[in-house]
Amino acid sequence: GYGQSAPEQVVGVVQDGNGDALIGVSVLAKNESTGHTNGTTTDAEGMFSFNRLPLGGPYTFTFRYIGFEPHVLTGYTIKEGEKVSLMVKLKTAESKLNEVVVIGYGQNTRRNITTAISSVDPTDVADRNVPSANQLLQGQVAGVNLTVSNGTPGGASRVNIRGVSSINGDNEPLYVVDGIPLSKARASYNYTGEFIQDPLSLINPSDIESIEVLKDAASAAIYGSRAANGVILITTKQGRKGEPKISVSQVSGIQMMPKKLNLLNPQEYISLQQEAVDNYNRDMNLSPGKSGYIDIGKVLGNVPADPYDVNWQDLIINEGAATHQTDFSFSGSSNTVKYYTSVGYQNLEGLLKNSALERYSLRTNLDFTPNKVLNFGLRFGGNYTNSSSAPNGDQGTALFQRSLEQRPYDRIYKDDGTFNIGGKDILRHNGVQVLENDQIEDKNYQALINLYGNVNFLKYFTWHTAYNAELRFGRGFRHQTRLHPYASGKGLTIDIRNNRLSQNIDNTLTFFKNWGDLNTEAMVGYTYYQDAYDFNHAQGTEFPSDDFRHITSATVTTAIGDANKYAMESYLGRVQLDYKGRYFLSSSLRYDGSSKFHKDNRYAYFPSVSAGWVFTSENFFPTAEWLEFGKLRASWGKTGNQDGIGIYSYMPLASGGYNYGAETGLSVTSLGNLDLKWETTRQTNYGLDLSFLNGRLALTYDYFIKKTDDLLYNVPTLATSGFTHRTTNIGSMENKGHEFTLTSVNMEKDRFRWSTSLNMASIRNKVTSLIGDEPIQVGGWNAIIPGQPLGVFYGYKQLGLYQTLEEIPEALQKQGVRPGDMIFEDLDGNNLINSADLSVIGSAQPDLYGGLTNNVEIGNFDISLFATFSLGNEIAAAWRSGLDHMGGRDYNQVRDTYEDRWTGPGTSNDVPRASKSAYNLKNSSYFVEDASYLRIKNLTIGYKLPSSMLKKLAIQQARVYLSGTNLLTFTGYSGYDPEASSSLDARSFGIDNLVTPQPRAFMAGINVSF
Amino acid sequence: CSKELDVTPESAVSPDQINESNVGFFLNGLYRAATPERDNYLINDIRGGNYTWTPLSGNNSAYGRLITGNGVDDGLSYSSSLWKNTYRSIYSANNVIEACDKLGAEGSVKVVKAEASYLRAYLYYQLVTAFGGVPVIVENTTENLPRNTADQVWDQIIKDLDFAIAEAKPLQEATNKRVSKEAATALKARVLLARGNKAEAAQLAQSLIQSSGLSLTADYGSIFRSTAASREVLFAFSNLKTETNLRFSSLFWPYGTTWAGSYFVQPSTEVLESLYTPDDVRGAVNIDTIYNADKTYNVIVSKYWDVQPVIVSRLSEMYLISAEGLPVDQGITYLNELRRIRGVEAFEATDFATPEAYLNAVLEERRRELFSEGFLFFDLVRTGKAVELPNIQNTSQYVLPIPGDQINLSNGMLTQNEGY
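Protein chains in written order, with my numbering: chain Z, 1 to 1010; chain W, 1 to 420.
These are computed hints drawn from the structure, not numbers from a lab.
Take these hints with a grain of salt, some might be off.
One-sided excerpt, in silico: chain Z residues whose CB lies under 8 Å from chain W [as the list claims (entries may be wrong)]:
no., residue
1, T60
2, I296
3, P304
Restraint ranges, calculated between C-beta atoms of paired labels, are given here [stated by the list, open to error]:
no., chain 1, residue 1, chain 2, residue 2, range
4, W, T142, Z, F512, 51 to 59 Å
5, Z, I771, W, V138, 39 to 47 Å
6, Z, D278, W, T289, 57 to 65 Å
7, Z, N285, W, A349, 51 to 59 Å
8, Z, D773, W, P146, 49 to 57 Å
9, W, S77, Z, R282, 27 to 35 Å
10, W, V138, Z, K766, 19 to 27 Å
11, W, S11, Z, Y467, 25 to 33 Å
12, W, V138, Z, N536, 56 to 64 Å
This structure is a prediction, so every number in the text was calculated from the model and none was measured.
Cβ atoms here follow ideal geometry from the backbone N, Cα and C, with glycine treated the same way.
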């Protein structure tokens, strides 16, 4: 009985979805007219009451309970002598433990998962307005290292799940969108030095419902053959129960350079070159007239009478680059149909002039459930992107590098208004002219189709069939006008068109039964995958004038076309057991075949097993309020890789395309390798999940050991064989790591909530063996060496500077080495510096990395602060070889080191003297920098408009926000961006050719739903 | 396990399907592969002092380093591309020759073998002149092999050329875009001169002057600008725009000019000041001055326009080999005949006090005539004069370093040239 003393005005009961009472639910009553509030909590029976509320209204009742969605009841009036009765059922959706997790070919709840799967809810990060869907993952998942290696719009990011496990360029995870395995092919067709369009940039991030990252082998093994680098499952939105809902959102902003480099002014430049020339001529005993003598006049060229400073950096930058995104969606559900349909538009300008990406996207998801036996659906996404890019990075006409290298007095235009021509009138390519002369466009048309049907029969069985397809048509077009440096004065057009159709068919049969306390699920299936690709590539020159752009008006120099295909088939099975929700066991097996291998090596088995134990459910375990849930997990599994090698690699081939004198020619292009076989990765994972204080604090820890054998690699071979490379299974690699995720609700009050999540990972990568055990050099900066992480920087180790002539070996003195030049470690002690003296001088792989998010809700305001960090990663600042040469080149020079250069004994032991010699320009540790960073990635402040105000407008919800991206970066790196890398390849990651940095962006947005 | 995984390429076949009807296609592929790259073709001009670097390339570019001799190490890009490209082409040559042997090497197959043998000889000539002794591979293998001596490489070259001389088609039938008896004879004359066998070299050269049906043309420029029809060219790779599309002009012409290119090298001071006299017709063809709007100017190597065939042997070289190979009194006739048609005064035998002075005059004439055709540095090497170049400190620098990565890959089986 209630109310012996005061009469009860409001009574109620709060239950969970099963009708069980919920204890300690916070109930807040608020008079919307007066603002008066009063609060209470539910008792052991889930009951609550109010008896001192001022009369009147309308009253709103808000129910909050950790692990459940908040619930709001509105429009109650309290009258004298009348009792209001409330009955509330809270939904359990928000608890991380009860969250539904999409696993390969099925789903499960977080509570029951025995493997290492992480989920990202895109709504948590929606305001970041990322250009590519995979960037939603950055800093969100322990063990996922997502590096945005350049800031071009839609440019590819590097995504490594638990380190790098392949030597081949391809270390990217497999993306599966609604069951469609996406082709890993880049979505850009023109090579511009840095713009590699991410295939994920074709997809509208606003359409994504959830992202799951399958990290360990046991979760990924069900995707066996393509899962060695992890799997990322993306599920798009479907209609929810309830009234039809219309959502509209709009965000716009501007972007700017996060940093600029400080270079020498004309006077400083001239004096540095004079110093360098004098030193060189003296050291080499050169006098005027002698061959090899360097004449300062020739170095400086035509110095204008008034050598004013031209800021070449500013001339190529699109300062205040705009970004816009608009989305519209309509969704809902009836008894038999769930529908979600959306259209989206994004326009993103780049920091380099002329670079931009536009995306138009359309999605319709229909899920039909006509009866209990049958359900089926169609999910369709149609996307189109149109991008233009500018040459940069390692291109000869690279805008940043070449513009900065310009002598400070070099000018863009002549007095008559025409361009100063690079190399002829001014030193380097005229960046402004290159921008005008080089038109680079890439277009992509993509269709994603997922058709599925499920038949439930004989009570325990479900038959699932799906047809999944990705259809892509791409077009790359590049036109260089007659004035372009590389167009031979005749104009040049490259026109590339290609088609890709990758399709797969999945068939699975699932059996599910409860045997009392034992839940069993068993699944068997078959899947077939085929990827067909064809392309045409035409190139032409000698245009009659710049009015003509297309191949029709050109002399065709290249016209090639070809078609390729590869296929895979797989048989799979999985058993999952759950006893009393306390003991879990799961095992899967996949048998895979790939057409990339010779018949005898084509098929391989990929098994896995995992187990979990919820020890907090044991009777012997003391029930402790503070420890709500604890689970131990262990898993082992094997996955395979066959990506990143040629699709006909095993076959010896004689190919066409070697015509001579207008007659057809053939050439042997590959020796093949019939022994080629699957690269396999074995991974063991130990995990612990803990949930404290009713879920207010949750911790997940994983330790894994991942070993890859039979690494596939296009290995350098002795050139005397006639070939410089051969695809071979070459060695083994290992990744070991710790991953740690902590989420916490720090404070929860009526109108105030503060939560924090932190994740970090420390992963050690090591190449454990290689055929031959000799270092394999990769390009000019990297090597693959047993015992070292993959792709270490490999160069000369600078030990200091020679301070006196006596210190310098005679052989080096003969080469012109003098005090103030670098001391390189002479490993073989022969007093010469050559490739026998190369050693490991750094690694781009971080020691520790992660992300930290803080969310605060105060009343209608929400604030989100997101930071990412990386420690111990290094960058080979290759750009400094062109901009920190101390007069070794005729280019401009960065100021910081110029001021620190060696000018006499004791003046420096690091920054060398000025000289025209190439000796100090060798790829050495001098150019390798620590690129650890902490970055304020995003700060968003939002405001939800009060519902009283919206009601009149028939608006359900409206929120406005301001958001800033890449606001601050704390780093010691001297370049533009510590995440920079010219290549996405794990073997050569972290070389910076002055790629476009990620912009600092400020945005304002609004989301409205009706 | 289904047949669905038996996927075969649509634009390639298995190489063991080579037969009499398609061996010619593989020969075409070999011609294509053996066409020398721009920088490899011109390396003797770069090292020999015909050029200097431009502000665009700088003294520390690959060009600058070869020109100054400063910073040439085993990471040199030239070494790497020359070594790798040449062995790749040698593989193709061996492949064709092996197939011919298997097919019986009679009739048309024998002609194919002769052409492939010439190309293999030409490829080894490039290797031996750049690196000295290299592994001689005449049957394709993936084995790790040591270097042969330079003499062994030269012997193999002569062996292949002798076969080509015996079995190739005559020039008239083959045309100058394919290998002929005459082309093989011309290359052999060059090889014999390099080996110090002056008399025999001169004899072969004279025989070509008399019997090849070619003659010196007054229009020096036409040799390069209409090579296919030229009366001077014995053999040139056709280098079509639709095929190799090598644009030698791109090394020399600045942007914004008729044959715009990268402008990485320009004529050296020595060339500008003393190589050509005003009445020498070669001067205006090989060197040109381009005036800019602001009255500044660039002096450039103007020999190459656009995309031109890559000349390997032409008749002038035979005049020069005759001039060098014969004693002064006979040789001077050939020298003067060439000089006369190029618009320069004839020499008298009495102009030369010593044979050395005469040799210097012939070499200087070679430099003028064969400017930017890939001769100068090795001419100075084979006559022992290259050590006087400012970029050469000692004779071990006559050869380039073997690429360091190949030495590493060979586990030391390949030994490095001295000094690198």
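Tell me, which hint numbers fail for this structure? The structure conflicts with hints 1, 2, 3, 5, 6, 7, 8, 10 and 12, although it agrees with all the remaining ones.
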